[in-house]
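*Asks:* Using the sequences provided together with the hints, build the complete structure.
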Amino acid sequence: MQVREPYFTKVFKPAVFVLAFMPLVWLAWGAWQEELGANPIETITRSLGEWTLRFLLLTLLISPLRRATGWVQGVRLRRMLGLFAFFYGTLHLFSYLWLDQFYDWGEIWKDILKRPFITVGMLAFLLMTPLALTSFKKAMRKLGRNWQRLHTLIYPLTMLGALHFWWLAESKSRLAMPLLYSVLLAILLGERVFRWLQKKGAWRLELPGMLRRS
Amino acid sequence: MLIKRPDDMTDNDVTDFDVYQRRRDFLKTLGGIALLGASGLPLMAQAKSTFSTDEEQTPYKDVTTYNNFYEFGTDKSDPAEYAGSLQTSPWSVTVDGECENPGKLTLEDLLKPHSTEERIYRLRCVEGWSMVIPWMGFPLADLLKRFNPTSKAKYVRFETLFDPKQMPGQQRSVLDWPYAEGLRMDEAMHPLTFMATGLYGKNLPNQNGAPLRLVVPWKYGFKSIKSIVKISFLEQQPATSWGRSAPGEYGFYSNVNPEVDHPRWSQKRERRIGEFRKRETLMFNGYDQVASLYSGMDLRKNF
Numbered sequence: 011m012q013v014r015e016p017y018f019t020k021v022f023k024p025a026v027f028v029l030a031f032m033p034l035v036w037l038a039w040g041a042w043q044e045e046l047g048a049n050p051i052e053t054i055t056r057s058l059g060e061w062t063l064r065f066l067l068l069t070l071l072i073s074p075l076r077r078a079t080g081w082v083q084g085v086r087l088r089r090m091l092g093l094f095a096f097f098y099g100t101l102h103l104f105s106y107l108w109l110d111q112f113y114d115w116g117e118i119w120k121d122i123l124k125r126p127f128i129t130v131g132m133l134a135f136l137l138m139t140p141l142a143l144t145s146f147k148k149a150m151r152k153l154g155r156n157w158q159r160l161h162t163l164i165y166p167l168t169m170l171g172a173l174h175f176w177w178l179a180e181s182k183s184r185l186a187m188p189l190l191y192s193v194l195l196a197i198l199l200g201e202r203v204f205r206w207l208q209k210k211g212a213w214r215l216e217l218p219g220m221l222r223r224s
Numbered sequence: 404m405l406i407k408r409p410d411d412m413t414d415n416d417v418t419d420f421d422v423y424q425r426r427r428d429f430l431k432t433l434g435g436i437a438l439l440g441a442s443g444l445p446l447m448a449q450a451k452s453t454f455s456t457d458e459e460q461t462p463y464k465d466v467t468t469y470n471n472f473y474e475f476g477t478d479k480s481d482p483a484e485y486a487g488s489l490q491t492s493p494w495s496v497t498v499d500g501e502c503e504n505p506g507k508l509t510l511e512d513l514l515k516p517h518s519t520e521e522r523i524y525r526l527r528c529v530e531g532w533s534m535v536i537p538w539m540g541f542p543l544a545d546l547l548k549r550f551n552p553t554s555k556a557k558y559v560r561f562e563t564l565f566d567p568k569q570m571p572g573q574q575r576s577v578l579d580w581p582y583a584e585g586l587r588m589d590e591a592m593h594p595l596t597f598m599a600t601g602l603y604g605k606n607l608p609n610q611n612g613a614p615l616r617l618v619v620p621w622k623y624g625f626k627s628i629k630s631i632v633k634i635s636f637l638e639q640q641p642a643t644s645w646g647r648s649a650p651g652e653y654g655f656y657s658n659v660n661p662e663v664d665h666p667r668w669s670q671k672r673e674r675r676i677g678e679f680r681k682r683e684t685l686m687f688n689g690y691d692q693v694a695s696l697y698s699g700m701d702l703r704k705n706f
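Each protein sequence line maps, in turn, to chains A and B. So the first sequence is residues 11 to 224, counted in our numbering. So the second sequence is residues 404 to 706, counted in our numbering.
Please keep in mind that the hints were generated in silico from the structure rather than gathered at the bench. The structure presented is a predicted model; accordingly, all values stated were derived computationally and were not measured. Heads up, some of the hints might be wrong.
Stated by the list, open to error - Below, in silico cross-link-like pairs of lysine-lysine (PhoX-like), each with a Cα-Cα straight-line distance of 20 Å or less:
(1) B:557 <-> B:633
(2) A:124 <-> B:671
(3) B:671 <-> A:120
(4) B:633 <-> B:507
(5) B:548 <-> B:507
(6) A:124 <-> B:557
(7) B:671 <-> B:704
(8) B:515 <-> B:605
(9) B:633 <-> B:548
(10) B:515 <-> B:633
(11) B:515 <-> B:548
(12) B:681 <-> A:120
*Replies:* Right, here's the structure in full:
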């Protein structure tokens with residue numbers, strides 16, 4: 011299952027790029043048409059937050075998808091998807107700083123210290139920033155092996171993002187969506203842990219090469 | 404551009420300002436009469452309650468489409484979408500507990516002795532948003548007195564209908580069904596405490612708690628229980644649904660209080676639906692006249 015060149019570069023990737031902007035277009039259109047309900051600002055903030063999480067999950071989906079289906083081209087979409095996660099995360103943060111707090115820094119600082127769901131949300135964004143800043147090729151080359159190490163931050167930061175959503179939902183009442191995202195994340199991370207254990211197990215047992223799982 | 408003045412007109416021909424003004428007043432009166440005629444006589448017959456606010460009212464559409472009524476789902480839009488399945492007629496209310504005249508009343512019998520009045524109240528949700536709603540109804544005290552509560556009656560407990568067929572949200576255990584709320588007797592008897600049967604001059608839409616709901620404007624919205632089927636006079640403080648669900652987050656009193664934060668968010672400000680900027684939340688939601696009910700109480704502990 012591969013998209014033929016030059017269609018992948020000329021059509022497929024640009025199409026994904028345009029598609030990834032659609033949530034923002036939809037929100038802007040909804041705000042313009044006054045179709046975001048009685049509390050449009052809440053709708054905007056929540057939607058931006060959910061899209062951040064969705065793009066993080068999509069980014070994490072690329073590698074398992076390659077291993078499961080052999081679709082290698084996905085890797086060439088990964089940076090873009092990750093940057094969209096950062097893009098929506100930034101908008102989500104600013105909708106909070108501006109539309110929710112109106113840049114009352116005292117209140118914001120209190121919020122970060124006092125409310126765990128804000129604390130983990132901020133932390134997740136903080137961890138996302140260096141990844142976005144080192145996403146270009148030059149940084150990759152310069153950092154070498156450390157680039158790989160640095161970018162494993164996506165695992166804890168996505169977990170923090172899911173936790174942020176989980177803690178926001180009211181106790182016992184609106185957990186359906188946070189639960190869904192957590193389950194998806196658990197599957198994506200679980201696949202990696204499973205592979206890692208397999209690999210480790212194979213090394214420990216020092217099986218002959220032909221029996222070792224690749 | 405050349406502006407030509409008709410030369411047969413003098414200053415004397417210009418309408419006198421006084422006459423002009425009176426003509427405007429006349430038109431306004433005419434318009435007013437037409438409006439009142441259209442809105443129906445009941446509104447004309449009653450004077451505006453001194454308890455009412457003259458703040459801008461939240462549009463009917465927002466009041467009836469942005470609701471927390473978990474019996475129909477946990478999204479704000481769910482009640483408007485799904486509350487059509489609620490049968491509000493026939494309806495009856497059971498009154499029991501520490502009173503001399505307990506019984507089960509049909510809605511008609513319950514409402515008969517009361518004339519309805521309008522109360523325009525602020526409603527502050529614990530989630531940090533607020534509305535201004537013109538309710539129709541009558542003081543809760545007038546209703547409670549009919550049952551002669553005894554000296555043992557220290558609290559009043561209210562219960563919402565439990566029927567998962569009519570209220571599909573009850574098929575999931577998001578809360579401890581049936582929804583239950585309570586007030587201390589003096590809170591229940593306070594003249595601000597209101598039994599609503601309508602809003603904006605119409606019968607209550609199902610999503611707003613038809614046919615009968617409580618409105619306690621100085622407390623967070625979840626205290627104002629909807630679609631009531633049972634009222635009990637009690638000696639002990641009753642458990643409430645939200646209190647059971649998260650004791651550390653929802654206290655029995657739940658008075659609007661900008662100084663006491665909800666564990667997961669600040670209560671200092673609120674977004675009035677329809678407004679861009681947030682406003683400062685007022686103590687007791689601006690209903691200072693209830694402060695004496697809580698004199699000597701630590702409102703941080705009794706949140």
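*Asks:* Taking the hints in turn, state whether each one holds.
*Replies:* Do the hints match the structure? See the list:
Proximity of residue 557 (chain B) to residue 633 (chain B) is assessed by CA-CA distance (about 17 Å); at most 20 Å being required, the pair is judged to hold. The hinted pair formed by residue 124 (chain A) and residue 671 (chain B) meets the criterion: a straight-line CA distance of about 14 Å does not exceed 20 Å. Proximity of residue 671 (chain B) to residue 120 (chain A) is assessed by CA-CA distance (about 12 Å); at most 20 Å being required, the pair is judged to hold. Our distance criterion of 20 Å between C-alpha atoms is met by residue 633 (chain B) and residue 507 (chain B), whose separation comes to about 9 Å.
The suggested pairing of residue 548 (chain B) with residue 507 (chain B) holds, with an alpha-carbon distance near 16 Å, which does not exceed 20 Å. With a CA separation close to 37 Å, the supplied pair residue 124 (chain A) and residue 557 (chain B) exceeds the 20 Å bound. Restraint check for residue 671 (chain B) and residue 704 (chain B): the C-alpha separation of about 18 Å stays at or below 20 Å, so the hint holds. A hinted pair counts as satisfied when its Cα atoms are at most 20 Å apart, and residue 515 (chain B) with residue 605 (chain B) qualifies at roughly 17 Å.
The hinted pair formed by residue 633 (chain B) and residue 548 (chain B) meets the criterion: a straight-line CA distance of about 16 Å does not exceed 20 Å. Between residue 515 (chain B) and residue 633 (chain B), the direct Cα distance comes to roughly 18 Å. Compliance with the 20 Å bound is thereby established for this hinted pair. Under the criterion of a C-alpha separation no larger than 20 Å, the hint pairing residue 515 (chain B) with residue 548 (chain B) is consistent with the structure, at around 14 Å. The straight-line distance between the Cα atoms of residue 681 (chain B) and residue 120 (chain A) is roughly 17 Å, inside the 20 Å bound, and the hint therefore holds.
Checked against the numbered hints given earlier, this structure breaks only hint 6.
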